[in-house]
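Student: Start from chain A and add chains B, C and D according to the hints.
Chains as they are written, first to last, in our numbering: chain A, 337 to 516; chain B, 10 to 337; chain C, 97 to 198; chain D, 203 to 832.
Worth flagging that the hints you see were computed from the coordinates, not collected in a lab.
Accuracy of the hints is not assured; some may be wrong.
Calculated cross-link-like contacts (lysine-lysine; reagent style BS3-like; alpha-carbon spacing at most 25 Å) [said to hold, decoys possible]:
#1 B/K88 / A/K362
#2 D/K647 / D/K577
#3 A/K461 / B/K21
#4 A/K362 / C/K124
#5 A/K357 / C/K124
#6 D/K570 / D/K757
#7 B/K77 / A/K357
#8 A/K362 / B/K315
#9 A/K499 / B/K77
#10 A/K499 / B/K315
#11 D/K415 / D/K396
#12 D/K225 / D/K396
#13 D/K314 / D/K226
#14 D/K647 / D/K570
#15 D/K647 / D/K735
#16 D/K735 / D/K757
#17 B/K88 / B/K77
#18 B/K87 / A/K362
#19 B/K88 / A/K357
#20 D/K757 / D/K647
#21 B/K332 / A/K466
#22 D/K779 / D/K375
#23 B/K87 / B/K77
Values in this document were obtained by computation on a predicted structure and should not be read as measured data.
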Amino acid sequence: MITINTLFYLSGLLAIVASIKVVTGKQTIHALLYLVVSLLAVAVCFYLMGAPFAAGLEVIVYAGAILVLFVFAVMMFGLAQDEHLHAPKHGAGQWLGPIFLSVLLLLVLIIAISNSEIQQVLIPKVIDAKDVGILLYGPYLLAVEIASFLLLAGLVSGYHYAKPRQAMQSDDNFQVGDEI
Amino acid sequence: MNTEISADMIWKLLEIGVIISLLIPIAAMLVWVERRLIGIWQDRHGPNRVGPGGVLQSLADLLKILGKEDWTPPFSDKKLFILAPVIGAVAVLMSFAVVPFSPDIGVSDLNIGLLFFLAMASLAVYSVVLAGWASNSKYALLGGMRAAAQTVSYEVFMGLSVMGVVLLTGSFNLREIVLAQTDGWLIQSQFIGFIIFLIAGIAESHRLPFDLPEAETELTAGFHTEYSGLKFALFFLGEYLGVTLISAMSVVLFFGGWLMPAPLDALLPPLVWFIIKVLFFVVFFILLRTSLPRPRFDQLLAFGWKVMLPLALLNLLATAALKLGGIL
Amino acid sequence: MTTIALTHVLILASILFVIGFVGVIVRKNTLFMLMSLEVMLNAVGVAFIGAGSAWQQADGQVMFILILTLAAAEVAVGLALLINMQRRYRSLDIDILARMRG
Amino acid sequence: MSLLALLPFYPLISFLILISFGKKLSWQLASTISIGAMLLSAGSSAVLINQLGNSESQLITAHLWSWFSLTTTQGSATINVAFYLDALSAVMIAVVTGVGLLIHIYAAAYMKSDENFSRFMAYMNLFIVAMLILVLADNLVLLYLGWEGVGLCSFLLIGFWYQEKANVLAARKAFIVTRIGDTSMAIGLFLLFKSLAQLTIVDVNQAAQLSWKIGDADAYWIALLLLGGAVGKSAQLPLQTWLPDAMAGPTPVSALIHAATMVTAGVYLIARMHEVFLLAPEVMTYTAWLGALTLLLAGVAALAQHDIKRVLAYSTMSQIGYMMLALGAGAWSAGVFHLMTHAFFKALLFLTAGSVILALHHQQNLFKMGGLFKKLPVESLLFIIGLYCLVALPGSSGFFSKEAIIAELWSSPTAGQGLWYCAILGALLTSIYSCRLFFLAFLGKARGNSNLEQHQDGHQENSSQGHLLRLPLILLALLSLFGGLISLDLSSVFSSAIATQAQTNFINEPSWLHTVAIVTPFIGIVFSWFYFKSYRENSCDNIKSSTGAISTFCKSGLGFDRLYQYVLVRPYCCIAKINRRDIIDQVLMLSAWYTKLWYEVLSASQNGSLRWYAAVIGIGVVGLAGVVAL
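Next comes chain A alone, as it looks inside the complex (with noise of 0.2 Å):
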């Protein structure tokens, strides 16, 4: 039947093989899809462990912002021959030895967590916006205004590196003194 957990482990799942579609898609788009797919699994996830708000902020800035914002990327570069061009060897070579670092490391960290005892299970008790707010706003206050000028540099940056210039030519005799 189905359960929170059943629902859990399917939408775990669900954000696992779509993060697996990401990292091996050849497709830029569609790759793009998938973690959108993904941020959507984790969202569930997010819900089912009862932090409702931090599931709507990942569907609504996460996948409705953020990753729009990417796909807006790609449209204008018209990255998908770009991608083809240099898209992975899929030799054994390539994938071997990330693959088997990450696994020692998955593995590293599945024994960590299970040998630290954490005995705690998730209390199915809803923790809403208000509870964030008065902590965001309280203890947390630094953070967020530390957060917003981050946020503020990012704007400024972002805005400066990809102001088009006249003279940008794609000479590969790229000098010091260049401006970015």
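Tutor: Quick look at chains B, C and D alone, frame taken from chain A:
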């Protein structure tokens, strides 16, 4: 949530089925309503042949569309091409899940209902963007990019404009928001918020005058240039459902949902009042379409970021200040 | 009423994190690296939310919001740089940028 | 701030202006600035000396600021930048600023046509600054600063025409050779500080008297090392070889630095530190013997020189030998007195020689001069005055000072009869080489100076330059003639020395000593009159310079240069060649190699590939987490 199938769950599923099966015809009917109204305002007849007064025009259109070849362009990205209209329709339909139609009717009483609505609205962007991308044609791509830029921009103000409502009612739950307006509709205190929400809503649903992603005169049809048949119908459905949704949300957020002032509320059942209000807004949307010219794209974005955003922020600020001062 | 074990949430986060990590190492395309980074950030978010729920504290969500902010800023700058890179090199291959070696 | 404190700053300011603006300044402006600064200095020192005479304590001090402080186990000593003027330094500043002023005036005219005129004047001013610091220093560290400063200026001025290799080599030689003496002096100062924990001159002299007995090892070594410094600076045996070569510099430099002032710094040092020397009688004897040997050596060498300036250079060495001899014999006042008079007449001689050289279009070879007496009568007369003093004929300033020295030798406990004979022999030699010089240059027939007339024309056109050249000469001539009448009262400075001498100074002196001393120069003149007859009466266009082995040997300064070349320079070069790839360096290079190894390893890891970095971070995390988890 119980592990067994309860009568509650069955009732819920039934409710969902009924609402969806009602919504789609309503959206279809809106096409006829729109055409008729435009006709009337433009001093002509509009579709009036099929059925009494042309009521069955939409049905006829549907039949025509179903009879068409379901053509997918060979140069397109097939999966996405098919997926795009589906996303659009589904996202809008999902949004209706949180809309409280009346005290008893409503699919889900989600405690983050408003957020859910915003989330679905933001997901709806993918429909347009992907359609533009998957079509692999320049008009579609340009339309898609316009849609992405426009939607992402206006989503921000939409979110900000409804925050005033959240501030005053103290909840994301739409039912609670409606109930909080028992003493007076929020349009009194949130007039600016309502205006912003309305404008953003028009932009979100790509209605005139903000239909630049599908501007017929310059982009032939924007992101759905390459679409035809049932897939095109899905886009159309999505658009009219979107109009309905925005109207419904306006009613819920600013005009007290099913609530009516004291002498009037007893006259009709709440659901009817709700539908009347929504229809009022739908008609308003249609009127808007006929009466306003289309701006340039850069004007649209500049208007958004330079006028709407400061306005929304000011509104939020003022609301917060008044709330803090105990005035509201 | 069943509940989810925190261990499982953390393991889910670990798996997502590792997947993203593989992507960062393996992919040459900078765009894919950015996406993989998003996966990794998201995994961290999962861990935070899980922990927050386990202890019934809103701090987990606060941290998630901060991560969200970080991700937004990162994407803004990252994509702008990507646009520049595309303009300059007509490619998004990160190895092209390996010229500034120590 | 008192006048004393300002004294070195006038030339310093002038130096800064001249060196900063350099070629932008016209000749008029540059010479006005530098001479004006000297005039201020000279005026100030005249006022100061007057004040000193009137003051009761016989000294004037000025404390400017604390420089640094030294701490030892015995306590700490603060080194101040402070000036100290007593009778001895008064003599020195009189010489330095007075003669310096005259030579500046002369130099302004002499160097007028040089394109680096302001640089030259700047160096001259800087030299005056350093020299004033040296003589006014209240402590030995400041003295050492001045000491090195004058060495630097000497180097800069000898090599002033640095485009010519000989000049550069001479400058380098002067610098290196004096550096040997300076090193010795520095070690002496270290020892002094270690032993007495004092560096202020007055305190050192007092503490030395109190804490050492006569003949103490400390006193002996310190005095010996200080003597080493003095020997280097004053061009005494065995570090005398640099002075003749230093004549490569412009003539005013030779006059100012290498005759009148800097080379006498050694004499000043020993006189300053006389309390220490008194405690080491052996060292005083060494000083006397060094002086005597230098005196004779330089006299002999001067006999064979061809170059007019080299003759004068050897003469300077010889005269400083007299001063050293005097100091070694304990005739402090006489030594300092001779220093002063020598400054006057040797400056006069050099400057006159400079005028002659200028008139002869930079001809310095004696054998190509001759017959100048008729053509340059004024210069000849001035030169005769100079030589008159140098030879110490009765009535001249040199006579008074030299006779004072010779008179004290016989009965001195640290000198003795042998040295008296040396001094007499030196006097004889002095008169002989002076006569030779005069005969060769001014008498006989003109040899190879046909361009003199032509130059004379140019000379007359530029009469202001001529006046500027002659004015200092005449003043110096007057000083040389009558400087001997200045009564130097240094008893306040050398009171302790006089006290110690008073006890022993009663050895019977033979009555003929003074007669012999006075007669000796005349014997030399008479001898030369006949011996150098050919020079005197020469009428042909050319005369042979003797080319015999002895003559060549003498001409080369008794072969010291060659000796050092073989004994020191060659072996050193040899060792340097063997150790070209420095052995110690190789050991140090090991660490460099090691660093480079690490650099290469780390550099290889910085391959610029972002994915590689990420992977390395991953490996690090795996490692760390592994450690934590397992």
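Student: Holds or violated: D/K314 with D/K226, Cα cutoff 25 Å?
Tutor: holds (15 Å)
Student: Does B/K87 pair with A/K362 here, judged by a C-alpha cut-off of 25 Å?
Tutor: Holds, at roughly 16 Å.
Student: Tell me if the straight-line CA distance from B/K88 to A/K362 falls inside 25 Å.
Tutor: Holds, at about 15 Å.
Student: Take the C-alpha atoms of B/K87 and B/K77, compute the straight-line distance between them, and say whether it is at most 25 Å.
Tutor: holds (18 Å)
Student: Decide if the proposed pair is consistent with the structure: B/K332 and A/K466, CA atoms, cutoff 25 Å inclusive.
Tutor: holds (16 Å)
Student: Is the hinted pair D/K647 and D/K570 satisfied, with a Cα-Cα distance of at most 25 Å?
Tutor: holds (10 Å)
Student: Mind checking the alpha carbons of D/K647 and D/K577 for me, to see if they're no more than 25 Å apart?
Tutor: holds (11 Å)
Student: Starting from A/K499, check that the Cα of B/K315 is at most 25 Å away, please.
Tutor: Within the cut-off at roughly 19 Å; holds.
Student: Is D/K757 within 25 Å of D/K647, Cα to Cα?
Tutor: Since the Cα atoms of D/K757 and D/K647 sit roughly 24 Å apart, the hinted pair holds (cutoff 25 Å).
Student: Need the status of pair B/K77, A/K357: alpha-carbon distance at most 25 Å?
Tutor: violated (35 Å)
Student: Compare the distance between the alpha carbons of D/K225 and D/K396 with 25 Å, and conclude whether the hinted pair is satisfied.
Tutor: violated (48 Å)
Student: Check whether the Cα positions of A/K499 and B/K77 lie no farther apart than 25 Å.
Tutor: violated (46 Å)
Comparing the model with each numbered hint stated earlier shows that hints 7, 8, 9, 12 do not hold.
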